[in-house]
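Sequences listed follow chains A and B, in order.
At position 239 of the first sequence (counting the first as 1) the number is 239 in my numbering, and the numbers step up by one without a gap.
At position 240 of the second sequence (counting the first as 1) the number is 240 in my numbering, and the numbers step up by one without a gap.
Keep in mind that a hint or two might mislead.
Stated by the list, open to error - Quick list of in silico lysine to any residue cross-link-like pairs, SDA-like style, CA-CA up to 25 Å: (1) A/Lys242 / B/Met131; (2) A/Lys224 / A/Arg168; (3) B/Lys215 / B/Gln100; (4) B/Lys215 / A/Arg245; (5) B/Lys303 / A/Arg245.
As the list claims (entries may be wrong) - Quick look at which bits of chain B chain A covers, simulated, 3 or more residues with Cβ under 8 Å: (6) 27–33; (7) 119–127; (8) 188–194; (9) 217–226; (10) 350–363.
It is worth saying that the hints were derived from the structure and are not from the lab.
Backbone N, C-alpha and C define an ideal beta-carbon position, used for all residues, glycine too.
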Amino acid sequence: MSIFIDKSTRLVVQGITGRDGSFHARQMIDYGTSVVAGVTPGKGGQTFAGTVPVFNTVAEAVAKAGADTSVIYVPPAGAAGAMYEAADAGIELIVCITEGVPVMDMTKVLPYVRAKGARLIGPNCPGAITPGECKVGIIPGNICAPGRVGLVSRSGTLTYEIVHHLTRNGIGQSTCVGIGGDPLIGTNFIDVLAAFQADPKTDVIVMMGEIGGTDEQHAAAFIKANVTKPVVGFIAGQTAPKGRRMGHAGAIISGSSGTAEEKIAAFAAAGMGVMRRPLDVVTLVKERLQ
Amino acid sequence: MEIHEYQAKELLAGFGVAIPRGGVAYSPEQAVYRAAEIGGARWVVKAQIHSGARGKAGGVKVCSSEDEVRQAAKALLGKKLVTHQTGPEGRVVHRLYVEQAVPIARELYIGFVLDRKSQRIMIVASANGGMEIEEVAKRHPDSIVREVVEPAIGLSAFQAREIAFALGLPAAQVNRMVTVLLGCHRAFRELDATMVEINPLVLTEDTQILALDAKMAFDDNALFRRPNVAELRDYAEEDPREAQAAEYGLNYVALDGDIGCIINGAGLAMATMDMIKHAGGEPANFLDIGGGASPERVANAFKLVLSDVKVSAMLVNIFAGINRCDWVAQGVVQAARELKPRVPLVVRLAGTNVEEGRRIIRESGLPIISADTLAEAADRVVAAKQGVSA
Chain A
1 MSIFIDKSTR LVVQGITGRD GSFHARQMID YGTSVVAGVT PGKGGQTFAG TVPVFNTVAE
61 AVAKAGADTS VIYVPPAGAA GAMYEAADAG IELIVCITEG VPVMDMTKVL PYVRAKGARL
121 IGPNCPGAIT PGECKVGIIP GNICAPGRVG LVSRSGTLTY EIVHHLTRNG IGQSTCVGIG
181 GDPLIGTNFI DVLAAFQADP KTDVIVMMGE IGGTDEQHAA AFIKANVTKP VVGFIAGQTA
241 PKGRRMGHAG AIISGSSGTA EEKIAAFAAA GMGVMRRPLD VVTLVKERLQ
Chain B
1 MEIHEYQAKE LLAGFGVAIP RGGVAYSPEQ AVYRAAEIGG ARWVVKAQIH SGARGKAGGV
61 KVCSSEDEVR QAAKALLGKK LVTHQTGPEG RVVHRLYVEQ AVPIARELYI GFVLDRKSQR
121 IMIVASANGG MEIEEVAKRH PDSIVREVVE PAIGLSAFQA REIAFALGLP AAQVNRMVTV
181 LLGCHRAFRE LDATMVEINP LVLTEDTQIL ALDAKMAFDD NALFRRPNVA ELRDYAEEDP
241 REAQAAEYGL NYVALDGDIG CIINGAGLAM ATMDMIKHAG GEPANFLDIG GGASPERVAN
301 AFKLVLSDVK VSAMLVNIFA GINRCDWVAQ GVVQAARELK PRVPLVVRLA GTNVEEGRRI
361 IRESGLPIIS ADTLAEAADR VVAAKQGVSA
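Modelling step: build the complete structure from the supplied sequences, incorporating the hints.
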């Protein structure tokens, strides 16, 4: 069954007529995702790519097209509003791709989404893909293959790098999830790890973290206590200097906390396999798949 | 984005936080004029750089005459201050803040931060002000009071009162403290701050509560809707290339090595830098070109990286998801034709529209070294650099 998304996912694309939204809506359709609706306020009544109805509101997309999952390609100033709208319309899974959402907006969006019983992935994330079934977001479909390895990552392009290594070496994936690099996000490592642990189609889990903060350490503690499946971990920024913020809001080593060594030690203490380089993923996963 | 102490104080004063009288000065004459304007007989002349712990570094001088103010200003302007926050290179002082000296009865600490665990604004307060909060946490952990703000409601007066009583304030001053806390919270929310810190917040001998020092940082992602904050940016406080990068909308961090990097995505950028080190090289910079890399963005990234004279080879590593390899390739070719890089260039493309991207690079006729994988790219750029220096 994989996690979060599969063949039964009915997707609405918020911002479907924009530059990124339209390009990636086509990619998702080509991949086989059932894109049942698009939303762009004021463009209701149009048809996208010849088959997908465009609505003015998400509520209409839910009522008329039966959408249960939403992906957001709306510019930062409108992203919080798009997340509220999706949650309010009863969407169960909201995936926000938008990069640059003000963090103050997220302090209000997160409790709202939770109160509505929805799950939010992101913002500032690449989304998720269940290879061969459904892709929600921007992870390139052709680098993935169906299989039994679950991936979770804070970074988008680093996920692609590692998935690509796996696929080229004949190792497929159950689901790949990019949770996003912002300080406040809807779904964290632990949420995804718990889902993979419960998923009968996932045998091995790969987790990609980075320097800064303590999320990876918390995840390692969770793995030690709750995850019986083998987990392989990577930390980006092993050679990054202290005190400089590396792009992601969280990626900064301050004092002795948040260093790669600290995180790698936590991984090792949790019995995880530790990748020193991205390409190590292949050997480590192969050993654990047998 | 960070701002200066005097700017933070002016902003907070607009939200009802009381501050000592003061004024900014760019020259000794102006400092003396400010002192006369403020009146009284004692002043504090404070260096304005984006760093705490300025007092320890000699950046704060107490003066008892106009002549002392002039001497202090002369000594500070143009001086390089080194604190543990500036790093060993320090920061040059271009601005001063002249402030009335106030008679201090007690020093408190209040800070507002975004707490990642509760995903809410958290207030941290302590009766032990005047030292860094990390120090307080070590020496007086029990003195730290925390309150989490419910976003839909905002900071309630009762929470502010709880803090005031927990800090041991006399009943007569609790309402003043509540005003300070509510004001800071409003400033935090309404200006999209990521940090507000008043340290020390002082009780004066005449029972006022004044912000003696103030620090604010802001969410770069929200500056588009806070023009009054955005205009407080002081470019003199930033690495010139980092400031230029911010203008281009690129994420750039200058480093010490000689391999220039243009990569999409922060995680991949960090992993690529790690791989360059594994291959025996040293990255000259971190540069995340971000999503939707238009040819123009790529060209700007090239300009930025090549403006670093240390750079002796360049690596472009793009794994396109929201980006498209063909756009990136067009940008690379355009930039390479226009800027004619003086160093070898290695390009590794993967992901969305990769075939088209590779074709554009191949058919450009430019001396671009292609690589298929990350490891190969790192090896080739290190080898290319050695080819140049050999």
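Next on the checklist: Run through the hints listed earlier and report the numbers of any the structure violates, in increasing order.
Outcome noted: 2 and 6
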